[in-house]
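**Student:** Residue numbers (the working numbering), protein chains in the order written: chain G, 1 to 152; chain H, 153 to 574.
Just to be clear, a hint being listed does not mean it is correct.
[Said to hold, decoys possible] No more than 35 Å apart at the CA atoms, straight line, and that leaves these computed lysine-lysine pairs for DSBU-like:
| # | chain 1 | residue 1 | chain 2 | residue 2 |
| --- | --- | --- | --- | --- |
| 1 | H | Lys165 | G | Lys127 |
| 2 | H | Lys165 | G | Lys87 |
| 3 | G | Lys127 | H | Lys572 |
These aren't lab readings, by the way, just hints derived from the structure by calculation.
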Amino acid sequence: MTQNLSGQDLDALYQEIILDHYKNPHGKGLREPHEAEVHHVNPTCGDEVTLRVHLDDGVVRDVSYDSVGCSISQASASVLHDLVVGKPVEEAMAIHEEFLRLMQGKGTVVPDEEVLEDGIAFAGVAKFPARVKCALLSWMAWKDATARSLEG
Amino acid sequence: MEGLLPELEVVRKDFPILERTLAGGLPLVYLDSANTSQKPQIVIDTMVDHLEHHNANVARAMHQLGAESSEAFEGARDVVAGFLGAPSRDEVVFTKNASEALNLVANTLAWATGPRAVGEGDEVVITEMEHHSNIVPWQLLCERTGATLRWFGVTDEGLLDTSDIDSLITERTKVVSLTWVSNMLGTINPVGEIARRAHEVGAIVVVDASQAAPQLPIDLAAMPVGERPDALVFTGHKTVGPTGIGVLWGRRELLEELPPFLGGGEMIETVRMEGSTYAGIPHKFEAGTPPIVEAVGLGAALTYLGHIGLDAIHRHEQTVTAYALEGLASVPGLTVLGPLDATARGGAISFELEGVHPHDVAQVLDSRGVAVRAGHHCAKPAHARFGVQSSTRMSSYLYTTPAEIDALVEGLNYTRSYFKVG
C-alpha cells in the first residue's frame with residue numbers, strides 16, 4: 001500500500017467540503033446536558049478528542065466535542081455532528097456503519113450519498129491508510145460514548 | 153557552499169534509494185533521517201555477503217562457518233568500540249535498539265542489590281526533552297522500587313534549564329539519564345557539566361546518544377573521567393546501519409555490578425537445575441542468538457561513517473542545518489521549536505506552520521516527494537512544554553543537499569497556498 005500521491009489525489013483527499021468543515025467546524029465545544037463523556041486518543045500521532053453525547057427518548061439530542069488534530073480528524077467530527085444529531089439512535093448507528101464501511105473500503109466503496117451527505121467527501125481519505133484513523137477518531141469516540149449512555 | 157561534504161554527489165551515489173522516484177516520477181527528497189537513516193550500498197552488500205557466504209550461529213558452532221560468523225560478529229563489536237572510543241571492547245553490549253539498551257539499564261537497576269540498589273527515598277533524574285524511550289523505563293523503575301522521578305525543565309529557547317542543577321541532583325540521586333541531542337528540539341545538551349555534578353553525588357549517568365551518534369564525533373576514552381557517562385546507548389538504524397541492532401556501552405565496573413537482564417543461552421557460565429552462574433561482560437547481557445547479520449551490517453555502517461569522518465559529517469550537518477533554519481525563517485507563519493543557532497544544535501528541526509496541522513503539512517509535502525515526519529516524535533512532554541500537540545520535523549544527514557532544503561521551503565510555501573493561509 002502506497003501513500004504517495006499526485007496532485008490530483010491530493011485534491012481528492014482534501015475535498016473543499018473537508019476544508020470547509022475544518023475551518024468552520026459544526027457543533028464544536030463541550031455542552032450540557034450529557035449522559036456520557038469519553039476521551040479518545042490516536043497514540044501514533046497524538047490527535048485527541050473529548051466527546052459527549054446527550055440521548056433522550058431514543059434520539060441523539062446532542063454530540064458535543066473538543067478536539068485537537070489534523071484537518072481530516074476535525075472535519076470528520078464536524079460531519080459526524082451534522083449527521084447524527086436529531087436522529088434516532090438506531091438510525092445514527094446505521095450511519096456510523098456506513099461511514100465505517102466507506103473508510104475501511106480502501107477506496108473501492110461507493111458511498112451512499114443519501115445516508116452520508118457531506119460524509120461522502122471522505123471517500124478520498126480511504127485510499128490513504130495512514131489517514132483513515134484520523135477520519136475515524138471521533139466516530140469511534142461517539143460509538144463508545146453512545147454505548148456508555150445506553151448502559152447508564 | 154562552504155562546509156558541505158566535499159564529495160557530496162559521490163556520497164549520494166553510495167545510497168541507492170536516493171535515486172528512486174516516487175508517484176508521478178518525482179525525485180525523492182528524504183528529510184526524515186532522524187527517524188531512520190538511509191543505507192549505503194556497502195552495508196547492504198556486507199549483510200548479503202554474510203548471509204550468502206558466512207551464515208552460522210555465533211560462539212556455539214564448532215565448524216568453519218561458525219568461526220567466520222563469530223569473527224564477523226565480534227569484529228563488529230571492535231568497530232563499535234572504536235567508533236565510541238570505548239576504553240574496552242568488552243564494555244560494548246549488542247541490543248536490538250536503543251530502547252532495549254535503556255530498558256536493560258533501568259530494569260537491572262530495579263533488580264540490583266548492594267550499592268546500586270534503587271529504593272524508596274532515592275531519586276532518578278531525567279529531562280523534559282527526552283524521547284519516550286528515555287522516560288518510560290525510568291517511570292517503570294520508580295514505580296517498581298518506590299524511587300522518585302524528577303526532571304530538568306526546558307527554557308523558552310529550547311535549551312536544557314540547568315539553573316536548578318544543584319537542587320535537582322542531590323545525595324538522593326541514584327541515576328541521571330539524559331539525551332545528548334534532542335530528537336525534537338535538536339538541542340545539544342551539556343553532558344559533561346551534568347555528569348560532573350552527578351558524579352559528585354555518586355550517581356550514575358546514562359546518555360541516550362541515538363541522535364548524537366550519527367552526527368557528533370564521540371570519544372569516550374578522551375573525556376575527562378568525571379565528565380564521562382557511565383553508560384551510553386544508540387541505535388544502528390540512525391547511523392546508516394540496519395534496524396534490529398542497538399548498542400549499550402557501559403563502564404566495566406557498572407556492567408559487572410548489574411545483575412543479568414534476560415536469561416538464556418550464551419549469557420551463562422554454567423547451568424545446573426539448582427541454579428546458574430553467569431558469563432562475564434558483554435555476554436552476560438546477550439542472552440539467546442543475537443542479531444548477527446544486523447551487527448555485521450552495523451559494523452560496515454560505522455566503518456563507512458569513519459571513512460567519511462565524523463568531523464566532516466558534523467560540519468556538513470551544521471552547514472545544512474544553518475541553511476535550513478534560514479530557509480524556514482523565510483516562510484511566513486512558521487515557528488521553529490528549539491534553538492535557532494545551528495552551531496548549538498543537531499540536524500533535526502521541528503516547526504509549526506500557523507493554520508495548517510502537521511499531518512496536513514506532511515501530506516502536502518509528500519505529494520511533492522518531500523518526506524518529513526509529523527506528529528509528536530515520541531516526545532510528548534517536550535511538545536507539551538511548548539504548548540503544542542504535534543509538530544512537523546525535517547531532519548538532514550550526510551547525503552542531504554541545499555537543493556533538497558530549497559524543495560522543502562518551496563513545498564511549505566505551496567502548503568500555505570493550498571490551505572489558503574496568509
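**Student:** What hints, given by number in increasing order, does this structure fail?
**Tutor:** 2
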